[in-house]
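Engineer: Listed here are the chains, written in short residue letters.
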Amino acid sequence: MDSVLRGVAVYFFLLLVFRLAGRRTLAETSTFDLVLLLIISETTQQAMVKADNSLTNAFLLILTLVGTSLLLSELKMHVPVLTRWLDGLPVIIVRDGKVFRDRMQSLRVDEDDVLEAARAAHGLENMDQIKHAVVERGGGISIIPRER
Amino acid sequence: MARREEKFEVDEDSNFQRLEWKVEHIAWVVWLLIIAAALAGLLGPGPLSGTRAASAGGELEVEFNRIERRKADSELTFRIAPSSVREGALRLWTAADFLDKVDIRGIQPEPREVVHAGGRISFVFSAENTGATAVIRFHVQASKTGWGRHVFGVEGGPEVAVTRFILP
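Chains as they are written, first to last, in the numbering used here: chain S, 1 to 148; chain X, 1001 to 1168.
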């Protein structure tokens, strides 16, 4: 019983923390994000597994975590409001070439990030070639190039 | 004729977005407060948590943390005046339900014997009255969350109450 409750508690706590930290926190696994991820998983492991290193406990925890995730995605299908709060919404940061700096600042995205995404996805060279740019729910940046 | 603007279909909602960012910023302030509270000792051992309780005459004193965490190591340090030594022994007692709330991981020095009688557990230590204060350290882990009140006493002598709050 204890490990199921611990698993669920840790799951929701991490969900809450990363949601509140903003979508860019673990968006692309840069060096910093990797360090963060490693430390957090190590810390989490201590609290979840405690002194019980049995297979039973490990299997139970895995089932609990995957089950919670399944349950949440099922719930999100039926309750759209939940999706907003859990995953957020995409944010347009460039629309028809117009750059929304205030939004970029709130999302902690700078022009370099946008240009990087533009280069990677479409081989674009500068901001003028970008028609739309959207920060997606997962924190990635999508670019729609201007037609030439 | 102007080209008709194609619809760029993105499910965005700037009101919701503003609300989200507001919630985020509030959360960051709350995080700061939580970290500050932890540093101060409001979420476990720390400067504001450490305290001591003493019997009326000061013969028995306990040093402890007001706030502890469940299943985490903690200490109760007793300082007992030499006048409490009787017949070559120091007898420190507590209510028997102490063991329901707390796991004793070790006692320094080790007691000579532990006597269970009349709802009390007495820890008997060999001692001589040389005029020095005896220091006894209990290494414990709380096993129940919430407020925990424990009474300790020296047999035939003073009593002292310790109240701790145990976080999950």
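One should not assume that every hint holds.
Here are the simulated distance ranges between beta carbons [claimed, not checked]:
1. X/Gly1131 x S/Ala9: 37 to 45 Å
2. X/Leu1033 x S/Ala47: 46 to 54 Å
3. X/Pro1047 x S/Lys98: 50 to 58 Å
4. X/Arg1137 x S/Asp52: 42 to 50 Å
5. S/Thr56 x X/Gly1044: 29 to 37 Å
By construction, these hints were calculated from the structure, which means they are not laboratory data.
Glycine included, C-beta positions come from ideal geometry on N, C-alpha and C.
Engineer: Run every hint past the structure and note whether it holds.
Structural biologist: Structure-based check of each hint:
1. X/Gly1131 x S/Ala9: 37 to 45 Å: The hinted range 37 to 45 Å is violated for X/Gly1131 and S/Ala9, with Cβ atoms some 53 Å apart.
2. X/Leu1033 x S/Ala47: 46 to 54 Å: violated, 22 Å
3. X/Pro1047 x S/Lys98: 50 to 58 Å: Cβ of X/Pro1047 to Cβ of S/Lys98: about 53 Å, so the range 50 to 58 Å holds.
4. X/Arg1137 x S/Asp52: 42 to 50 Å: Violated: the Cβ-Cβ distance is about 29 Å, outside 42 to 50 Å.
5. S/Thr56 x X/Gly1044: 29 to 37 Å: holds, 30 Å
Checked against the numbered hints above, the structure breaks hints 1, 2, 4 and satisfies the rest.
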